[in-house]
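Here is how the chains run, residue by residue.
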Amino acid sequence: MSDALPIDTLPIDDSVPIEDIGERHLMPADMTISEVTNLVAGVTERPAPRGWWILFIPAVMLAGLMFACLGYLVSAGTGVWGNNAPVYWAWDITNFVWWIGIGHAGTLISAILFLFRQKWRTSINRFAEAMTVFAVLCAAIFPVLHTGRPWLDYYLFPIPSAMNVWPNFKSPLMWDVFAVNTYLTISVVFWYVGLIPDLATIRDRSTNLLRKRIYGFFALGWRGSHRHWQHYERAYLIFAAISTPLVLSVHSVVSFDFATSVIPGWHTTIFPPYFVTGAVFSGFALVMTLMLIVRAVFGMHRVVTLKHLDLMTKFMLATSMLVGYAYAMEFFVAWYSGNPYEWWHFYHTRIGLADSTGQRSPYFWAWLAMVSCNVGVPQIFWFKFARRSIPVMFVATLLINVGMWFERFVIIVLSIHRDYLPSAWGIFHPTLVDMGLYLGTMGFFLTLFLLFVRWLPMFAIAELKGILPGAHPSHLHDHHEPHEAPAGELSPAPAE
Amino acid sequence: MSEDDDKKLDDDSSSSEKGASEPFRKKTIVGMAPVGQTPKETKGTLMGMPAIDDAQVEADKQEKLAAAEEKPAAEEKPAAEEKPAAEKPAAAARPALYLAEFETPDAIVHAAKRVRDAGYTKWDCHTPYALHGLDDAMGLTPTKIGIISFIFGLTGVLAAFLLMYATNATDTSVMGFAGYRAIIGGKPPGAFPSMVPILFELGILLCGLSTLFGLCGLVKLPRHNHPVFSSERFARATDDRYFISIEAADDRFDLEDTRALLESTDPSFLELVEEDAA
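From first to last, the protein sequence lines are chains A and B.
Numbered according to our numbering, the first sequence spans residues 1 to 496.
Numbered according to our numbering, the second sequence spans residues 497 to 774.
Chain A with its partners taken away, still in its complex shape:
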């Protein structure tokens, strides 16, 4: 805000032409309300573009690979994985943490940015929420199989039965069961509640009776009633308010799986915030990768503008710095604690410096990959050209996701393959089933995701309309009411 303007005479009215206070509208100025409907709902009505098929067919094939690997794994046993003493947690848990982390950006965008009134989220939140749901589904596959006998997984739930066997609620692994299931449920509910008005939009545009019936069924008979909107807006705020601590708790609980153990490299109090930040970082990167693809395939340049992408890159830059801080702090604490095992782990396993006996980890390159991708690559977003260049963003976000996978690999495998006694040291090599399952979950994720963008409104239509210039009455703040607060979200939006 300019100093030239006397602050107290500035109207605090949302409807003030925002150029006057040095802001620009998020959406193109000539965007009309019906254009939003046509643009977003139209995708579900036209045949899929060729780019969609080019992605969809390999995705389905990879998903098939996942099911083949699952079938083989369940019939042959978890021995087909490369896990072996002492590395009992390997790619499976790495993939679990990676996928769960990817989901976190969705909740961050839909809930935390909502609470902070970041209106630019409306162009990416639906997308990211869908990603959350699918990523959590992919994540859940791994611990379910890692139990070894997945058909006995119902032991994880406190089911009253004649066996009278109960879970041990003091175990962080049990906390995980509750955290991940709650997270999946709430993410699905949040996503669905947001979809209701948009499904009604598609229903009302349908000319085909079958489409009208199917979309109409899931739209629950939504008729845009303001008596409904009033409750709906508050419910949405409540979902945002509970999802925010939920998303922070889920990855914290995941990090407890490690932090409550005694393994050097795992037994660290910094883990909960470190994991949450990393999760948001990697999730943002994947949202952006997919966003760039979908934006090009479906021509959504007017909904997801360079302004949005620019804001997302800044977000990634910020989270990258936080992650970098956590990496540095781990080393500092390893030195400051005076714990020789912790010290050995960080200086000889992670950096890979040979110790006095010439010992070091053969996996030290994984740590270098992690740091260069997660801390090095995002630094390019300090430069404006990088925040405006689609190819730079695309490559950078892919590298970030590679780096974040390595982060989990470094934490999990590197820590347990070199613990206290050199006689207990081992090495981990992934098998073809490990690789097939990992690639397969990517295909499964992409399949679900492509079906979503094809058949459901990929942007929050109603919310986008609410941030168009002039979407709200010009005399809005004549009567200020305290209970308008939740509705305040959807006013014409200054960009930041």
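As a list, the in silico DSS-like pairs of lysine-lysine whose alpha-carbon atoms are at most 30 angstroms apart:
hint: 1; chain 1: A; residue 1: LYS384; chain 2: A; residue 2: LYS314
hint: 2; chain 1: B; residue 1: LYS640; chain 2: B; residue 2: LYS609
hint: 3; chain 1: A; residue 1: LYS212; chain 2: B; residue 2: LYS716
hint: 4; chain 1: B; residue 1: LYS618; chain 2: B; residue 2: LYS640
hint: 5; chain 1: A; residue 1: LYS212; chain 2: B; residue 2: LYS618
hint: 6; chain 1: B; residue 1: LYS640; chain 2: B; residue 2: LYS716
Worth flagging that the hints you see were computed from the coordinates, not collected in a lab.
Just so we're clear, the structure is a prediction, and the values are computed from it rather than from any experiment.
Given chain A, work out where chain B should sit, using these hints.
Relative to chain A, chain B alone:
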């Protein structure tokens, strides 16, 4: 803020950002003739005004008004005659609601205030997105959904505590199921700190689910049939138009007075929707 300010802001926005307010400016309807000019074609008695420009809208409206005043009964008749064999011919043509269409947020808010002040209770606004200022313009009281979420959130926390206590902290049998006083990691049975994550998660879970079902209960959805859907124009309520509906079930509802009220708010379209002949 005064009316003058409003006007000034409007002017500012149109001059400083060309076309910024265009989507919401009142426009003429092109290629959108009122569906079913005659009552026979739809269930409703329509009083559509194919507007070409504002002057014509005005002229049309006067004409329609005059026509309606002359023979209000004549318009009702054909609809009733369509179902002579029906058991309850009166029910077949019973008016369900008036539906008025507006093109701008300002227009619907002004109209909503008029309807509110006229004392109607069973009426509603239909908008493509949550429109600010309508809570006040409709005279709605704040929603109570937060209370539901809060109560069920606490219930979830309590349920989680009882669950963990019964299974891990006591061997007293509850309904035939006994737990174990398990000492794990040197922590006593029922140690509170290790309960916190699950207390939290189950609290959130119940809070979220109760918010969903509480929302469905408060707004009485799913409800897939509603008289407003009989209007073919109403499809635009989820696209780019703003509607006010006044239900016939309202005590103050009157075919003449209610229509006069809605017409005085200058809607771009007004129709009487009748109930489906079930």
